[in-house]
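Could you put the whole structure together from the sequences, leaning on the hints where they help?
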Amino acid sequence: MAGESKSSGVWKWLRIVAIGRRPGWTVVRLLVLVGGAAVLFGYVLLPIRVSGISMEPTYHDGSVNFINRLAYSGGRQPARGEVVAIRMAGRHVLLLKRVVGLPGERLAFRGGVVWINGAPVDEPYLKLPHNWMMRERTLGPDEYYFVGDNRSMDLELHEHGSTTADQILGRVVLAGNR
Amino acid sequence: MKRALRQLSLVLLLAVGAWLWTVFFPRPEVVIQRRLAKVAQLVSFAPKEGNIARVANVQRLGGYFADGLEVQLGDARLKDHTFTRREELLQACMAARQAVAALQVRFVDVQVKLGAPADHAAAELTLEANVAGEADPIYQQLRFDLVNTNGDWLITRIAAVKTLTP
Chain A
127 MAGESKSSGV WKWLRIVAIG RRPGWTVVRL LVLVGGAAVL FGYVLLPIRV SGISMEPTYH
187 DGSVNFINRL AYSGGRQPAR GEVVAIRMAG RHVLLLKRVV GLPGERLAFR GGVVWINGAP
247 VDEPYLKLPH NWMMRERTLG PDEYYFVGDN RSMDLELHEH GSTTADQILG RVVLAGNR
Chain B
655 MKRALRQLSL VLLLAVGAWL WTVFFPRPEV VIQRRLAKVA QLVSFAPKEG NIARVANVQR
715 LGGYFADGLE VQLGDARLKD HTFTRREELL QACMAARQAV AALQVRFVDV QVKLGAPADH
775 AAAELTLEAN VAGEADPIYQ QLRFDLVNTN GDWLITRIAA VKTLTP
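Each protein sequence line maps, in turn, to chains A and B.
In this text, residue positions in the first sequence follow this note's numbering: the first is 127, and each later residue adds one.
In this text, residue positions in the second sequence follow this note's numbering: the first is 655, and each later residue adds one.
Just so you know, the hints here were simulated from the structure itself, not pulled from any lab data.
All C-beta atoms, glycine included, are put in the ideal place defined by N, C-alpha and C.
Possibly wrong hints are sitting among the right ones.
[Stated by the list, open to error] Beyond 12 Å from chain A on every Cβ pair, some chain B residues (computed):
#1 Leu662
#2 Gly671
#3 Trp675
#4 Pro682
#5 Ala691
#6 Gly722
#7 Val762
#8 Leu779
#9 Pro791
[What the hints assert, rightly or not] Heads up, simulated EDC-like pairs for lysine to aspartate or glutamate below, C-alpha to C-alpha not over 20 Å straight-line:
#10 Lys692/B / Glu703/B
#11 Lys816/B / Asp248/A
#12 Lys816/B / Glu782/B
#13 Lys816/B / Asp292/A
#14 Lys692/B / Asp721/B
#15 Lys253/A / Asp280/A
#16 Lys253/A / Glu208/A
#17 Lys816/B / Glu778/B
#18 Lys702/B / Glu788/B
#19 Lys692/B / Asp799/B
#20 Lys816/B / Glu269/A
#21 Lys692/B / Glu788/B
#22 Lys816/B / Asp280/A
#23 Lys816/B / Glu285/A
#24 Lys253/A / Glu285/A
#25 Lys767/B / Asp799/B
#26 Lys816/B / Glu282/A
#27 Lys692/B / Asp806/B
[Stated by the list, open to error] The following label-pair restraints were derived from C-beta to C-beta distances:
#28 Ala776/B / Arg147/A: 37 to 47 Å
#29 Gly717/B / Arg141/A: 20 to 30 Å
#30 Pro173/A / Ala710/B: 35 to 45 Å
#31 Val785/B / Phe167/A: 29 to 39 Å
#32 Gly717/B / Ala245/A: 57 to 67 Å
If you want it as structure tokens, here you go:
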């Protein structure tokens, strides 16, 4: 009899641990948790996996990060130096690039360094050797210029260039290697 | 209670009917998405693809393209090309299959827009290609133009879209 009572006590304790004292409320809590996670990670903080070497050494191939889709809501504009995700055809494959040029600015590459309006930009994230040269161009009124941190690659092999703010999906959450 | 059950059954029946309708009479956008997925599947090949399977897949692939297909990849290494005859396209596909050991192609974020004449459509998508021996996949934004010919959506043009303008 005592053994039976002990086993039923263990069973009751396990049941409380697994589904709580009130199973109905546990289900509600679970649904809220699942729904909240789906909204958070589906629409606000998009999980991404970095593929490729164009953001080396700041972000490594295969590393995991998040994109904050609300970073530029409420009229906030991307700032120079921020790392953002840019849409391709949709939101499942994104380009991860750093903002280096802002609307209306004159931009050029000299010795691998970005020059804005005739002056070099301080770029502490450039760790690899770089020697890109690109003639000066003026960005349009809604045009931002993006480039990766790995400027040791050939300029032709590195995807860089300008697009409009509406193509930016959001800002990277986790800072990379500094 | 009986009335509520009857109403619930009716709603369920209507939902099943609506779902069956979309299965048997899919919207053109869905038809195009399925055809593009099939193209990606036929373009892909495993390392040990047999000769018969290779020829059969390439022949089947030809059925998805119109004569006079234009391919504009906008890449200095890959010249733009217009295939005036379907056979020319098939030969190019066969040559590509011999050039690399294996290829896995996937079309991601396919967005289809029907044109003003209802028999024209355009699809924007991101190509993800894994080439055997290459460490990283290739990603490229592409635009497919299609035309409805005798009930089949045939691809008339493939063009690369620059995500960033250099």
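Of all the hints given earlier, name the ones this structure violates by number, lowest first. Going through the list in order, the structure violates hints 7, 8, 9, 11, 21, 28, 29 and respects the others.
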